[in-house]
Each structure stands twice: as structure tokens, then as C-alpha cells.
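Undergrad: Next come the chains, spelled out residue by residue.
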Amino acid sequence: MSFLAVTRATLAKDLRLEWRSKDAINAMLFFSLLVVVIFSFAFDPTAEESRRIAGGLIWVAFLFAAVVALNQTWARELRNHVLDAYRVSPAPADPLFLAKAVGNFIFVIVLEALMAPLFIIFYKLRPLGPAWELLPIAVLGTWALVVNGTFFAALSIRTKNREIMLPLLLFPISLPALLGMVNATTAVLTGEESAKFWIALLLAYDVVFTIACLLLFETILEAE
Amino acid sequence: MSGVSPIIVADAVIKQFGRFAALRGVTADFSPGRLYVILGDNGAGKTTLLRTIAGLSQPTRGTISVLGAKEVKTVRSQIGYMAHPSLLYDEMSGMENLRYFAGLYGIEDDAVAEKRCREVISLVKLDPGLARPVGQYSQGMRQRMSLARALLNDPKLLLLDEPFSNVDSHSAEEMAGLLAQMRDQGKTLLVVTHQPAILESVADEFVWMDAGKIVDRTSKLRGAQ
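Protein chains in written order, with the numbering used here: chain A, 2 to 225; chain B, 37 to 261.
No wet-lab data here; the hints were simulated from the structure. The beta carbon of each residue, even a glycine, is placed where N, CA and C say it ideally should be. Where hints are given, some of them may not hold.
Derived lysine to aspartate or glutamate pairs resembling EDC-like cross-links, with alpha carbons at most 20 Å apart [unchecked claim]:
1) B:K109 x A:D24
2) B:K109 x A:E134
3) A:K23 x B:D240
4) B:K106 x A:E223
Far from chain B by the CB rule (all over 12 Å, computed), these chain A residues [stated by the list, open to error]:
5) A13
6) V83
7) G192
8) T211
9) E223
Every beta carbon over 10 Å from chain B, so not counted as near; a handful from chain A, in silico [said to hold, decoys possible]:
10) L18
11) W75
12) Y87
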């Protein structure tokens, strides 16, 4: 069986399951909405202050929301021990990981697309730098979150407290990426410096961790 | 023993979970084209033995060779495995589940996959057109769909863990007949069950386990268990 065919089939299956249950997307939306509303009540920033803090607020909200989706990804495979059906099949491990990561990427990107207008309205945001750079920042930043998140969610599925374990593993290793996302977003919003260095950092982070996760995933999948 | 090479050879297999030994030096071989029933009390090591043969669990010590391979993963395409849980997605229909798993076994062509899925669903006496999600199936229907999934790849070796649990007696007899038919086609079956009487008339050998060891192998079902 081809790598791409298994990846495609697994991704289609995951999207179908999420479309029917809406477990991940509803929980993420609700959580992000709460963050936007609560922070907007907690602070009453001027437009200038908003530009300085919004990068951090946005990405922290998405990071926490992504954890919800990441936990769901593998929880689905544990119900009825379906993951064992994959493990006894001759399909290689990597397509499963890639499909899960791409699925999570789609869920989080959809969330970001839905929440971005709310952030703009609540925090009166208007980028002073090149707005188009927000697109690569969103894509690379989201991939950085989901690629490690998918991997560490898989690592923690057999632990008793996997909901707690995932953030404990994911957040420290995501710090360089988070720094890149926040600084790049702030740079675009304030227009005071170029975001290029941070975008390059995100790209390098994504490449390194995608390769590392793909190389190590089979060991995780085969672990008892 | 006949001159036929065994399909499974276990040599002093020990499987430990922490300090608990689920298998304590299992040495056995299983010949091709036979239906074996594995019996024993809860905790005797039946499921662990099946999972080890399926490659889902690695022996702590000892070796196990399946279909001539030391690495089970190289012969996975020839193994069918049915576990106690259904190994199916509750939110998808039986056909959707099977179409997905067919892809994992390299059955990618839509028409071929559809045909094969319909075949195995019909084989277990379910309706391939059933659109209901598996989560709404009765337990018996779920068991049969789970068996259909294990048959998808037309395996040489079938490992079945409690295939008759929660299945009504009529359906269980039908399933037993199907298993006998598979054995007659040359497949090897290892069936873990607490209801050996269902397979009494079709089984070739009963393998008795206790405390992680194979303690007896008989051609007839003993009265007292």
C-alpha cells in the first residue's frame, strides 16, 4: 500500500469522524471564545497596547485550544482499541502520524480563521507592518504546535493522566516556536521591526521537529 | 507430528508486565490448517499469548516465529486479528469501517475494496447496505462486524479473542460453522474462548492454559474445566 493512499484514507476518516462528532472543534471554539471575551473584560487596552500584547494573547489562546483537539485525536483511537487494528495491519506508522498531524492542522487553522475576526474586533487590531506575513506566521506556527502536539499526545495516550501529561510535555518543547510566533505576530502588528527572522526560525523549527517526529513515531506506536 | 512445518513456533516465551508474568515460558507449536481452541481461567495468559502472536506485544524473553518470520511485522498482511473490543469506529457504518481498513491492507481500488467488503460482511451474515453507525449495533452484530474486519485481508492465520461473547447461541453456531469452513480452506485459527462447547464439534485441538503456561493439549474437550 502506498504511503500517500494510507495518509489520505486516514485523514479522510478523521475528518469524517470529527464532522460527525464535532468533539474537537466545538471544545476549541468554546475555549477560544472564552479567552477572547475574558481578556477583553480583564484589560481595556488602547490600540497601541493591543498591538503589543495581542500576539501573545492570540497564540496562547490557540495553544491551549489546540491541546483540546490534540487530546481528542488519539482518544478516538483508544475507544474500542481501534489503534490495535492499525497496529496489526501492514500499513506503515508514518502515514498515521502525518494524517493525524494534518487533521489537527486543519482543525486549528479553521479555529484561527473563525477567531481572528473576533480578536480584531475585541482588540481593535490593525497591522502596521506587512499584513500578508501573518499568513506564513499562522501556517508555520500552527504546524509547529500540531506536529509536536500530535507526537506528544501519542506518547501520552497510555498514561493515566494523559490530559495533564500532554501540556507538561508539549509546552516546554514548544517554547522556541511560541517565542517565534508571538514575536513575529507582534512585529507585524506594530510594524516596528521585521518578522523575517522569526518566520525563518519557525520554518527551521518545523522542519527539524517534523523529521524528528516522523523518525520516532514508529517506536511510539509499537510501544506497549 | 506430521512433516508439515508449524505456522507458529513459540520457544520459552515469557511476557512480564512489571513484576507480573502473564506468560511463563510458553513453548508450543501450531500446525497450519487446524483450528485450535485456547482455554483457561481469567488471567491464564490466553489473550497475552494471542497478542504476542499478533505482534501487538513483544516477548520479554524467548522467541516467537509466525509464518516462518521472526519479525511478526513482516507477515502482518497474512494475519487476521479479532480482539475482545470491536476495533471499530463507533461513529462510522460497518461498510465505512471496512473500507478504511481495506486501504490499510493495500486494497485501494474502490471497486475491489467495495466487493471485498461486501463479501466479508455477507459472510458473517450482516447486511452490507446497513447505514447505521457501528455504535448503534447490538453487541452480537458488532462482534460479527469485527470478525468481518479480521477476514478482510483473507488471512492465512486468524487469531480470535472471545468471538462468541454476547453473541446469541444461534449466531454463535453460525460463526462456528464459518470458522470450520475457514479451517477447511486451509487457514489456521487460534480461538480464545470461555465457551468451548460451541467449537467442540469443529475444533482440532484444545490448548489448556493456566498461570501463564500451556498445561495440556487435548483433541477432545474435557468435561471438567
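Undergrad: State for each hint whether it applies.
TA: Status of each hint after checking the structure:
Straight-line distance between C-alpha atoms of B:K109 and A:D24 comes to about 33 Å, which puts the hinted pair past the 20 Å bound. Between B:K109 and A:E134 the alpha-carbon distance is near 45 Å, which puts this suggested pair outside the 20 Å criterion. Straight-line distance between C-alpha atoms of A:K23 and B:D240 comes to about 49 Å, which puts the hinted pair past the 20 Å bound. Distance restraint check for B:K106 and A:E223: the Cα-Cα separation of roughly 16 Å lies within the 20 Å cut-off, and the hinted pair is therefore satisfied.
With a cut of 12 Å on Cβ distances, A:A13 falls inside the contact zone with chain B, its closest approach being about 8 Å. For A:V83, the requirement that its beta carbon stay farther than 12 Å from each beta carbon of chain B is not met, with the minimum near 5 Å. Consistency note on A:G192: stated as away from chain B, and its beta-carbon is indeed over 12 Å from all of that chain's, at 47 Å minimum. Distance to chain B confirms A:T211 as a non-interface residue, since its nearest Cβ pair spans about 23 Å, more than 12 Å.
A Cβ of chain B approaches the Cβ of A:E223 within 12 Å, the least distance being about 8 Å, so the stated non-interface status is violated. With a least CB separation of 5 Å from chain B, A:L18 falls inside the 10 Å interface cut-off, contrary to its annotation. Every beta carbon of chain B lies more than 10 Å from that of A:W75, the smallest distance being close to 13 Å; the non-interface claim holds. Look at A:Y87: its CB is around 7 Å from the nearest CB on chain B, not clear of 10 Å, so calling it non-interface is violated.
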